[in-house]
Amino acid sequence: MVLPRFTLPARFGDDLLLRLDKAMGHAIETIRPVRPLEPPCTERVFDGPTTQWEAIEITLRALVESVCDQLKARESGARRIAVELERSDCSPTGFTLHLSSASRDQNHIWTLARPHLERAHLGFGVESIRVKATHLARLTHEQQERWRERAQAPGPGTTLAATQLTDTLVNRLGAHRIRVYEPSESHLPERAGRLRAARSIGRRLDPPARASADRPTLLFQAPEPIRVMALTPDGPVMRVTWRGENLKVITCVGPERLGPEWWAGDRSGRDYFKARDEHGRWLWIRRDLISNEWSIHGVWA
Amino acid sequence: MKFAELGGTSNFTFLTGASHPDELVREAARLGYVAAAIADVNTLAGIVRAHVAAKEVGIPLAVGSRLRLSESGNLEILVYPTSRDAYAGLCRLLTLGKRRAPKGECYLSLHDLIEHSDGLLGAVVPPSVLDDRFIETLDGLRGAFDAGRLSLIASISYGPNDADRLRQLDALSRHASVPLTASNDVLYHCPQRRPLQDVLTCIRHSCTIEQAGFKLNPNAERHLKPPGEMLRLFAGYEAAVSRSAEIAQRAAAFSLDELCYEYPVEPCPEGLTPITYLRQRAFAGAHRRYPVGIPARVRESLDRELALIEELRYEPYFLTVDEIVGFARSRGILCQGRGGAANSAVCYCLGITEVDPSRFQLLFERFVSRERGEPPDIDIDFEHERREEVIQHIYEKYGRDRAALTAEVISYRGRSAVRDVGKAMGLSLDRVDTLAKNLDQWGGSLCEDRLRELGMNPADPTLRQVITLTNQLRGFPRHLSQHVGGFVITRTPLHDLVPIENAAMDDRTVIEWDKDDIDAMGMLKVDCLGLGMLTCIRKSLDMLHDAKGLDLSVPTILSDHAEDPFVYEMIQHADTVGVFQIESRAQMSMLPRLRPENFYDLVIEVAIVRPGPIQGKMVHPYLKRRIGEEPVTYPNKDIEDVLGRTLGVPLFQEQAMRLAIVAAGFTPDEADRLRRAMAAWKRKGDAIFGFGQKLISGMIDRGYPREFAERCFEQIKGFSEYGFPESHAASFALLVYVSSWLKHYEPAAFAAALINSQPMGFYRPAQIVRDAQEHGVEVRPVDVNHSAWDCSLEDGGAALRLGMRLTKGLAEGDADRITASVQSRGAFDSINTLWRASDVSVRGLRRLAEADAFGSMGLNRREALWAVKPLRDEPMPLFERSDTPDDEGGEKLPIAEPYTRVVEDYSTTGLSLKAHPVSFLRADLGRAGVTPAGDLRSEQQCPNGRHVTLAGVVLVRQRPGTASGVVFITLEDETGIANLVVWPKVYERFRRIVRLSKGIIVSGKVEREGEVVHVHARQMKSLDEDLQGLAAGSRDFH
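In order, the protein sequences belong to chains V and E. Reading the first sequence from the start, the letters are residues 0 to 300 in numbering that gives the first Met the number 0. Reading the second sequence from the start, the letters are residues 0 to 1037 in numbering that gives the first Met the number 0.
These are calculated hints, taken from the structure and not from any lab test. This structure is a prediction, so every number in the text was calculated from the model and none was measured. Accuracy of the hints is not assured; some may be wrong.
Below 27 Å or equal to it, Euclidean Cα-Cα: the simulated DSS-like pairs (lysine-lysine) are [unchecked claim]:
# : chain 1 : residue 1 : chain 2 : residue 2
1 : E       : 102       : E       : 396
2 : E       : 891       : V       : 21
3 : E       : 102       : E       : 623
4 : E       : 54        : E       : 224
5 : V       : 21        : E       : 214
6 : E       : 54        : E       : 693
The following block holds chain V by itself, in its conformation from the complex (with noise of 0.2 Å):
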């Protein structure tokens, strides 16, 4: 099937005719080519191998600078910074430092790396050092006062310092051992929160806005069980026995009533009283409704 030209670009676009021309060589094809953005990375490679700790300290630091201000340039911020030491006569060593939200912070990055610095090996001599930063993330910057720039905190609810904290902990001591109690939304007190890796610490850390139940400062792993004396099961509370001692209730508020979470398969529901004793001690007493025992969940401070 042979189609006249001129029948083309009218149904096809004016594009069809060039494509096949230069398809067929007719016409010239030229070739851009994009060029990959490298990350950001910075190298130092010393006259000799050196073992003086201070030149390497002082490099690495030079190094450090010099990458932060690209990744100012290019208005980003890594969360990882890879540390590469070339040794002589050995094969190199390094260190990776991961950051929970992308900082380009090189007092804080300094503070992150300094240690790994001080336990590497630097065996016969560090002949060159080179700092690169993967996991790159934006971040404009803010110019928070006149003549200084302050980066912005990773996220709302958070603040710059327990990113910070959190980042030098994860990073001394490896991130499967850090987590973050996270708060959920569940009127049982022993599900109002769950524990979370540390990883990514860019949410909420303060409790959601609630109209307040009144929660004791401590609340037990498991409630301890006591004998009681109350008027009614309902309440007031009396007289509690709790780690053998006998106490005696002055003020008594309550009952709070939760019912079972019926969908994860609970059976029974509790009251709670929030009791104070002769000593001035707050109790938060449970009763268990189906078994009916009674036991204390938690104490104020």
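With chain V's structure known, arrange chain E on it following the hints.
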């Protein structure tokens, strides 16, 4: 200990309350409350149901609403009217809030409330924080509501500090001089409903139960509690508890029974009262209907009916309906009354219905009964495409404040319930889907075996929870929608009776109550329904008038061309594609057995192929007697009078009623109650057995053999909801005859009108066209130079030209532009010139090219698409090259495969005049021993009992509820159609194929009964791979 719960939220506060209104009422009665009470948010939708339940259990009912304002911090206040006027005020208030808001919402301000507060008792629901704004608002309300009418709600929710809260509320109450009233802020009638209430919350917020967190209530305390328990909880504030009782009692002084409904009064000529005017019109109509003289029987009926109408004061209703029908006729809109109304001689004479009392035995009590205390229901079918004109006329004439559509409560069915519950419980989407699909209209349950089959573990606790909750959720209202055509028209403003709100459609207003509520309240309703066949008939008649100059109308066909034996012959051979009511597969199997010969046979045919008679086992006895296999006997003359015309077998509702009257001594009103018990039997069960005893003993008393009496009762039970009234069947039979006559004598016009009136009927355009061709009609394809939007007749009615409306995606405007151009300039020979002359959109041209509509220009599909491709809608002067030659295509393009062409036809117009898809497989099928479907017609080639293999495209899938799991499939190939019967065992083996395949090869056994041929399937295979590209086009019924 006196108490009543004022804050009862039912499931008519959608997706919030977890109990039905009647459940709340019954529980209140059981707990010994002084009164039951219902207050849903910004609505009065559920109160009629509560009212009916309250009367049943004998507890007073306080009717109210929980107003949620859109300002003042979204203040909530329970309001209860104490008198008829106060109730009207509440309705007006709610109407005001809803008319100014979009559908489903209500905007009310404090000022609105205060303006309408006369006679209302108010109980303010305090927010969780008693801030200054609230105190201010409370003071303001106190000013407007005088002493004794305002209260402050106190609830004990087992929160962190109830005692403190009560103290605060008490202090506020003293400060503002608003007494405290105790309430439990109820969301469900018993604590076991708490899980469901939680799930409703999740559905409302579109989250799963795990994510819902604090949106859920912390405990299960918001249920109706015994008075003793309320006193215990409110120890120290006992006055609040007794105040609730007091308020409820004051509110219960007003009952919905006080609502007196008044029909609108039509203007009558000077000096005449409505009843005399009605009488005049009825007799005038009678003279018109019987020009030779009104038969004595009819005259008697008229007198009797008019007397009853006058006694019950229904005459304005008849005049209203008469006026509506008159309007329709004046606009040339075909209409016809149906249902019980066809039992009325007055309706016939007025022209509302078409069933002639001189030819039929009408039972007026079926329509209007003194004892029922319910107004009659007149349903009228209009041409479905012009129904909107009638609806707008009603709005115009009565105004939006006196006419509105009734609501329809859209409730959760199995599928929707399991979907929402499954999602809320966090089941994965595909599991939810599987469960839902299994509960579709094809039946299915979630019993253990079925779950295992679906690959789920029935012991899984979450799954069990889902099933329990789904069963509870079924039947819960989801939202209100407008009813299709049910109008309520009143004399006094409607919004004094019931709140009116905006419907989703523009220009429509809806009341909050549905059909059942209207019936319970004794309000009159007119149902304006749309019937596709009326549109089709009128279009046929118009076309015949234009193309052939014929002057036909429904009355002339029924009188001048009545009882044509050729028409009946056509019907007897089940040659009824497109004919009203008798075109379905089930009907077509019955027609050759029943062999209708006259009009009354058509009436029987319409009524007999329905679940009622089938379940009541009346079909076979009737057929046997008809062929003469069984003797027709009657115990006595009375029975013969009643059952004579149906050969001794009761087939109609009226016959059951008459039997009860004549043979068992029921009064007509008792007989009517029997009929209603029959209808409600499936749902409620008991009433009918009481009647059964009465019937059987009554008949035995009158000397009938017990066995006969019991058999009659069995047959009557089978009617349930599905038996037709004879008058209704007769109304329909008239249309059956007219459409049959048109199909027989004017097949081209009839087929054209059928297609032009789509969607309607049982068959798609493809089958209608095929059938027309088989009857010798030449069908011409869609073509821009000849077709209009609608199908039309050519060559003086000999040929049918398909219309551009069949083209998928084409706008009617574009089609009209083309037609106009062709009309003024004659046929076009190139797309370009057509385009420039008619200004049709390029999109439209492309669609037409895809539909192969440029044949008259000598362009096939590909050539046409090639020619359309360069065209652009927006002029681009910069790109117009004056140097390029005007290209018209004409290039040699590759020829499309014939199969491809047919498939493309199907996907753009739904049919192909070139060939049938299966014809391309015929060679291969033939080699595999497949018989063409057309061969089934010959007894020689396919005798009873022979094994055959067939193949075809699936046209229809059906799984009727009465057939105990049997599936019927209709296949079509290029030679004809084949009806398959798939028994449950076979269905289980080939489930997927039966349910989803587009084409099937099936082998099975032939079963012949005269002309009726079925193939009982044994083995099935899908043909879908070979029919690649064919769009699925089957119709699936249950």
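Do the hints match the structure? See the list:
no., hint, result
1, E:102 to E:396, "holds, 24 Å"
2, E:891 to V:21, "holds, 25 Å"
3, E:102 to E:623, "violated, 56 Å"
4, E:54 to E:224, "holds, 22 Å"
5, V:21 to E:214, "violated, 64 Å"
6, E:54 to E:693, "holds, 26 Å"
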